[in-house]
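A.B. asks: Use the sequences and the hints to build the structure in full.
First to last, the sequence lines map onto chains B and D.
In terms of our numbering, the first sequence opens at residue 1 and continues consecutively.
In terms of our numbering, the second sequence opens at residue 1 and continues consecutively.
No lab work stands behind these hints: they were computed from the structure.
Do not rely on the hints blindly, as some may be mistaken.
Said to hold, decoys possible - Simulated coverage check for chain B against chain D, where a stretch passes if three residues somewhere in it have a Cβ under 8 Å from a Cβ of chain D: (1) 183 to 195; (2) 233 to 245.
Unchecked claim - Label-pair ranges, simulated between beta-carbon atoms: (3) K255/B <-> N18/D: 38 to 48 Å; (4) D38/B <-> H251/D: 56 to 66 Å; (5) W106/B <-> S367/D: 52 to 62 Å; (6) D314/D <-> S226/B: 22 to 32 Å; (7) E67/B <-> Q310/D: 33 to 43 Å.
Said to hold, decoys possible - Dumping the calculated SDA-like pairs for lysine to any residue here, alpha-carbon to alpha-carbon at most 25 Å: (8) K54/D <-> E219/B; (9) K131/B <-> R162/B; (10) K169/D <-> Q140/D; (11) K197/D <-> D139/D; (12) K70/B <-> K36/B; (13) K235/D <-> G365/D; (14) K156/B <-> A99/D; (15) K156/B <-> T284/D; (16) K156/B <-> F100/D; (17) K54/D <-> R204/B; (18) K103/D <-> R294/D; (19) K131/B <-> H308/D; (20) K54/D <-> R172/B; (21) K156/B <-> G353/D; (22) K54/D <-> G353/D; (23) K134/D <-> H304/D; (24) K32/B <-> K156/B; (25) K258/B <-> L228/B; (26) K156/B <-> E317/D; (27) K32/B <-> N227/D; (28) K70/B <-> G27/B; (29) K104/B <-> K131/B; (30) K86/D <-> A161/B; (31) K53/B <-> G287/D; (32) K84/D <-> A148/B; (33) K43/D <-> G174/B; (34) K54/D <-> L173/B; (35) K131/B <-> R7/B; (36) K110/D <-> M1/D; (37) K84/D <-> G174/B; (38) K104/B <-> I117/B; (39) K235/D <-> A99/D; (40) K318/D <-> R163/B.
Quick caveat, the model's predicted, so the values are computed rather than measured.
Every residue, glycine too, gets a C-beta built ideally from N, C-alpha and C.
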Amino acid sequence: MEEAKPRIAIHKFTSCDGCQLAFLHLGEDLLKLAEKVDIVHFVEMGPINPTAKVDVAYVEGSISTPEEAKRIREIRANSRYLVTIGACATAGGIQALRNFADTKSWMQAIYATPETISTLDTATAISNHVKVDYEIYGCPVNSQQVLASLLSLLQKVTPSARRDKVCLECKRLGYVCVMVAKGEPCMGPVTHTGCGALCPSLGRGCYACYGPAENINTEALTQWLSSLGLSDAEISRRFLFIQNSAPGFKEAGLKLKKKVP
Amino acid sequence: MPYFLAYEQFNDLISALNALGYRCLGPQVQDGTIVFDDLTDAKQLPWGMRDAQKPGQYRLQKSELNESFAWANGPQAIKPLLFKPKESLWRVERDEEGAFTFKETLPEHKPIALIGARSCDLAGMAVQDKTLLKGQYGDQQYRWHREHLLVIAVNCSYSGGNCFCVSTKTGPKATSGYDLALTEIQNGFVVEVGSDKGRDLIDSLHCNEAEAAEIAAAAQRSIDAANMQTKRMPKDNSRALRDILMNNLDHPRWQEVAERCLSCGNCTAVCPTCFCHHQTEHPTVDGNGSVHAREWDSCFTQGHSYIHGQVVRDTTEKRYKQWLTHKLGTWWDQFDTSGCVGCGRCVTWCPVGIDLTEEMAAIAGESNVVVDKKEKDS
Numbered sequence: 001m002e003e004a005k006p007r008i009a010i011h012k013f014t015s016c017d018g019c020q021l022a023f024l025h026l027g028e029d030l031l032k033l034a035e036k037v038d039i040v041h042f043v044e045m046g047p048i049n050p051t052a053k054v055d056v057a058y059v060e061g062s063i064s065t066p067e068e069a070k071r072i073r074e075i076r077a078n079s080r081y082l083v084t085i086g087a088c089a090t091a092g093g094i095q096a097l098r099n100f101a102d103t104k105s106w107m108q109a110i111y112a113t114p115e116t117i118s119t120l121d122t123a124t125a126i127s128n129h130v131k132v133d134y135e136i137y138g139c140p141v142n143s144q145q146v147l148a149s150l151l152s153l154l155q156k157v158t159p160s161a162r163r164d165k166v167c168l169e170c171k172r173l174g175y176v177c178v179m180v181a182k183g184e185p186c187m188g189p190v191t192h193t194g195c196g197a198l199c200p201s202l203g204r205g206c207y208a209c210y211g212p213a214e215n216i217n218t219e220a221l222t223q224w225l226s227s228l229g230l231s232d233a234e235i236s237r238r239f240l241f242i243q244n245s246a247p248g249f250k251e252a253g254l255k256l257k258k259k260v261p
Numbered sequence: 001m002p003y004f005l006a007y008e009q010f011n012d013l014i015s016a017l018n019a020l021g022y023r024c025l026g027p028q029v030q031d032g033t034i035v036f037d038d039l040t041d042a043k044q045l046p047w048g049m050r051d052a053q054k055p056g057q058y059r060l061q062k063s064e065l066n067e068s069f070a071w072a073n074g075p076q077a078i079k080p081l082l083f084k085p086k087e088s089l090w091r092v093e094r095d096e097e098g099a100f101t102f103k104e105t106l107p108e109h110k111p112i113a114l115i116g117a118r119s120c121d122l123a124g125m126a127v128q129d130k131t132l133l134k135g136q137y138g139d140q141q142y143r144w145h146r147e148h149l150l151v152i153a154v155n156c157s158y159s160g161g162n163c164f165c166v167s168t169k170t171g172p173k174a175t176s177g178y179d180l181a182l183t184e185i186q187n188g189f190v191v192e193v194g195s196d197k198g199r200d201l202i203d204s205l206h207c208n209e210a211e212a213a214e215i216a217a218a219a220q221r222s223i224d225a226a227n228m229q230t231k232r233m234p235k236d237n238s239r240a241l242r243d244i245l246m247n248n249l250d251h252p253r254w255q256e257v258a259e260r261c262l263s264c265g266n267c268t269a270v271c272p273t274c275f276c277h278h279q280t281e282h283p284t285v286d287g288n289g290s291v292h293a294r295e296w297d298s299c300f301t302q303g304h305s306y307i308h309g310q311v312v313r314d315t316t317e318k319r320y321k322q323w324l325t326h327k328l329g330t331w332w333d334q335f336d337t338s339g340c341v342g343c344g345r346c347v348t349w350c351p352v353g354i355d356l357t358e359e360m361a362a363i364a365g366e367s368n369v370v371v372d373k374k375e376k377d378s
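C.D. replies: Dropping the structure here:
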């Protein structure tokens, strides 16, 4: 009898759906992958079975509503491995900016009938709610990242946990440093690699969408950005952006924000 | 006997190299700096450009001279051609019976002629030769690239603000490692021959022998470049730095520099002698094969000192100490030379302008500033 194929689910929480596209963009590899695994839940692609028991669950999006807080626990219970994909799932995403504001007053200001909306005061990472086995950084994550993680898990190998800075990727790809050569503010020295140094390849500074690398020195970068002419408010916004609630970025950004008159 | 290659003959040099099957790479202005790219015409060279380098800053400026090599260096030169940033080493395949076959993956491309390598770049290549070619287990990929590289050096007539090759005795004039070495003077170049390949190449161009005045002018350019240097490595980059560093492992400067250092690894990536790398597996989707590849790593990453569940150098202080004590210290034990060639790239391309000569000066207690000769004499 043929061995059962590993079962995969791709779940969505509060997010833009962009990270799920990393699977759809696999092209021919997705067809090859479909021979190796059963994709049992992936709304964006077709199959719907949200409560299926799976070997690997990929989770996109932050926990932003009471319903989501409940649903993620069920997914955790049904999944052998839980892998978060993207800024929303790993750090709360852009919507976590509301964690620094008064959600209720925002609701009043934006919606005509805020009482019809069920939401939490915060948007938080999946790891704030359940145990996460692996996190894939990025906004959005790319196809190579998700494929590499899945192939590793299928081969029973721990997925790569390298959290190097974007700078190393720029150097490996032969991109000229925009900060040194042009004085262009760049978040590369504190940002997690994985994007292929996309923005520096186009001559602009990294805006930290992949979140914090390991062992970052936000203080030293802040001082240098300041010497390039950026105000505290501008530097603060660079930290408190897509990855505003990621460890390291949050503290650096809030510290600068407090200094702004 | 040196020759004279007039500016008008530069394209003949490119054509001759192409005719011999070489892909020519030469310096060109790109992205606010000077990088090596395909060279098909002398017009592409950085005519009239000069680099202003400071710690953490590189700017191109118009030079008062309309010369093609009146600049010091750009972010990279020889290293990425020989020790490639990413390269596959071998592949493995599983057949229908489940048996594995391992196959080496050697590079395949046209030989490269690099025009415009500097003396410091050649010194860096000599250090990498020791690291990657010597001994029983030489690096196959590096060897292949090395055997398919022809180097036309161009001696510096100018030193950037971060150059200190005089103190490391690796420049500004190239002394070995090149096939041809050019020195730019009025209307062209004085050419010196460094190998049989270089000899055949220059013979094919039918250049005139250089006149005495031209040879003297070329010699003066190197002297001028040397005199422009304001920076130096303490103890002239000698073996003495090894003991100074190893006797100062608890110096307060390590913690101080760690507060400024981003631990980003830029210094190691632009260094012509840094060779650290890690290897990764790239399995095929069907699970029946994999390519084993390596890519540049850095002693400033977590992975560099990860050993079975433990990161040995978990702080920037430890990582910076590793970089400097190896580069200027224990490199002597390992390769009988310093790992620094005085190019100043790690100083310029550090995003926060950390200067290794300044750090070394703080620990060695000896200045990294060249005392003005006139001042010294008076």
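A.B. asks: Which numbered hints are broken by the structure, listed smallest first?
C.D. replies: Going through the list in order, the structure violates hints 2, 3, 10, 12, 21, 26, 27, 28, 29, 36 and 39 and respects the others.
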